[in-house]
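Position chains B and C with the ligands relative to chain A; hints supplied.
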Amino acid sequence: MGVVVENLDLFWSGFLRTLLMSVAAGVIALLLGTVLAGFRVSPVPPLRALGTGYVNVVRNTPLTAVFVLVVFGLPQVDLTFQNYVLAAIVALSVYTSAFVCEVVRSGINSVAAGQAEAARALGLTFRQSLGTVVLPQAFRTVVPPLGNVWIALVKNTSIAGGGFAVADIAFYGPSIIRDNPGSALWVFAGVAFFYMVITVPSAIAISRIERRTAIVR
Amino acid sequence: MRITRYAAALAAAGVVLAGCSSEAGDQAEDAAGNTVDVQEDVEFEAGTTMAELAEAGTITVGTKFDQPGFGLVGPDGEPEGFDVEMAKIVAAELGIAPEDIEWVETVSANREPFLQNGQVDMVVATYTINDARKEIIDFAGPYYEAGQDIMVAAGNPLGVTGPESFPDIRTCSVNGSTPAQYVQTNYPDAQLTLFGEYSQCAEALRNGQVDAVTTDNVILTGLVAQSDGDFELVGNAFTEEPYGIGIPKGDDEFRAFINDTLEEAYESGTWADAWDATAGAITDTEAPEPPAVDRY
Amino acid sequence: MTERPAGEPLVRLSGVNKWFGELHVLQDIDLTIDRGEVVVVIGPSGSGKSTLCRTINRLESIENGEITIDGQRLPEEGKELARLRADVGMVFQSFNLFAHKTVLENVTLGPIKVRKQSKADAEKRARELLDRVGVGHQADKVPAQLSGGQQQRVAIARALAMDPKVMLFDEPTSALDPEMINEVLDVMTSLARDGMTMIVVTHEMGFARRAANRVVFMDGGRIVESATPEEFFTNPTSDRAKDFLSKILNH
Ligand SMILES: Nc1ncnc2c1ncn2[C@@H]1O[C@H](COP(=O)(O)OP(=O)(O)O)[C@@H](O)[C@H]1O
Ligand SMILES: [Mg+2]
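From first to last, the protein sequence lines stand for chains A, B and C. Oh and the first sequence: position 195 is 195 in this note's numbering, straight run, nothing missing. Oh and the second sequence: position 60 is 60 in this note's numbering, straight run, nothing missing. Oh and the third sequence: position 102 is 102 in this note's numbering, straight run, nothing missing.
One chain only, chain A, in its complex shape:
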């Protein structure tokens, strides 16, 4: 335990970077995933195909491979990230958005078809009916599964620090262990603790939101 306390400054700066990556990728993935879900239920066949293709490719690819493709593949087409936090946010957003898409799509499908029909009958465009009628109702049912996606995202950020040059929570473990041989268990316990600082309050908040939105029905 001493080893964690002694390196609290490292853990803390890693924690802030993990939080930054999680929040940034979370926001981007939520927006991108929702747009993709819109594509998947869209009346325009090419958009539907795009959405479906994206989800099937990305969701079935290991996150590490997505990281490799972003960090080492994009430079091949002259898109080099000198800032690996940015590269990690891109990789995590790409990956997580596929899961958000599927969650939101299932939420959309859970909204009675008559709701969208009534909106369209009023003269709302597809985008308007999705945005003002369907998605607001869909988001209530998707709060718990979106919460799962969020918590998975927070933990998935560790791929960035473990292997891809981002100094996050997971990053400092190996060097602290190197400098303190035999401390591995405590260091990993510390690493787990700092992830839980994000995930446990998230889980509590999610169940609160879930309870609050449930009453409105």
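It is worth saying that the hints were derived from the structure and are not from the lab. Note that this is a predicted model, so its numbers are computed, not measured. One or more hints might be untrue.
[Said to hold, decoys possible] Only part of the chain A face toward chain B is listed, based on derived beta-carbon distances under 10 Å:
id, residue
1, Gly2
2, Arg140
3, Pro144
4, Asn148
5, Gly161
6, Tyr172
7, Asp179
8, Asn180
Glycine residues also receive a C-beta, built at the ideal position from the N, C-alpha and C atoms.
Same frame as chain A, but now just chains B and C with the ligands:
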């Protein structure tokens, strides 16, 4: 994981063809082609680790599975390399044949816990001897002296000469490694990128995302050999990385036994044969002078 | 009430055919509804009445034929279609009020989003309409807090808020408890009296006699008969209409 018996059978067949049937029984030859003489009728003082292992007829060894030339698991699932040969030499002296060795993958972070928990009997895994580690485990050896070096793009376009170049170049190493620590400690203003694996550093060097990769020269020579002439070694090692065999703390008899075994292997030429068959073959280098073991 | 107002055609279907896979659900439909006319569509279940209604605002597409509203051909999709739909009010059997919005918001959504009215204007008009259909005091509740009859009246107000040229009703009272049917039919009757062009799928004979200019009888995807309510109920010409009427009038 055990070395397959067909390797031994192949060796025996080869020996029969050569007309020397008398030695066939106590020789085993691995795919790399070098030979260890497995002792028969070994005897150790009761209660020692050696006696226990010899009695059990098997030994559990931690090694790297991803280190070309030292410990690399091939498509057949068996590890190969200089570290692997060192373990076979020690095992043979205990009367344990290569195929009776249980191999366990160790990565940098789990070497000490594995030894402390008794999950492995020894660790031979490009394991640099240092004082911090000696406080919780013990080292036999060193059996090899590596040194930290720098790998750059072929032609060395930035004119990297050695560690003094670190402040001016973008350098890649592996997160949590001792070479990374060396740069961080001695060149705090170095631009260091830390990936999880050296193969990723090599990719970053290829893409121009970094200018250099630094770690132990034996690792870099392996990467240079695989690079199709894209990379080269600066060739100016600037640290001493004595590789030792890690064993549980306080087992002085076992440590002395391994040290004796290493010295015998130095003398008999088995050590040099092991080099030639593994790391030497990959990097096309002669066996160096073996380092003196440190009986602290 | 039953004489046909002299007006120019507002909705015109000509040669409309639609299939659901193998099922030829609308067969060579020709139908013209004049401005101010109230047409009741009647027929056995599965005969294609709902589908007919839904093709008029293109909630269902058609395979061939032509549908025009106020002389304008129905656009295929996109903004044009949305604009045209705004002129066609629709009331569903299952109300389909927006579950997450208040009654008032249900009524103001279209005017604000589609007609680009200010919130204040839209709310003022919405309250008038809610008063007119008799649910003005429920404006701030959510749909789930209202009875079925009240919800359907809100749905009518929601459609009216768009100032539609024509209103489509697809069995608006079929999902209601009997004691609530009349409150909805009364609203519809007064709409008809005020000159709204209406296409109403219903089995409420009283409403048809009271408010319709014309009854259209459908069976098997075809329009089998088209007559004034008087003629249709007293003297149906086709056997299928006679058969149908005997069944619904006998219970
Ligand atoms: N979306 C659909 N897909 C396939 N068949 C449908 C669909 N909607 C309706 N149908 C079929 O078309 C026929 C006509 O349906 P509908 O127009 O709802 O009849 P009605 O309203 O007169 O009862 C029925 O056989 C019905 O099963
Ligand atoms: Mg119907």
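Q) Taking each numbered hint in turn, which are not upheld by the structure, reported in ascending numerical order? A) Result: hints 1, 2, 3 and 4 break, sorted rising.
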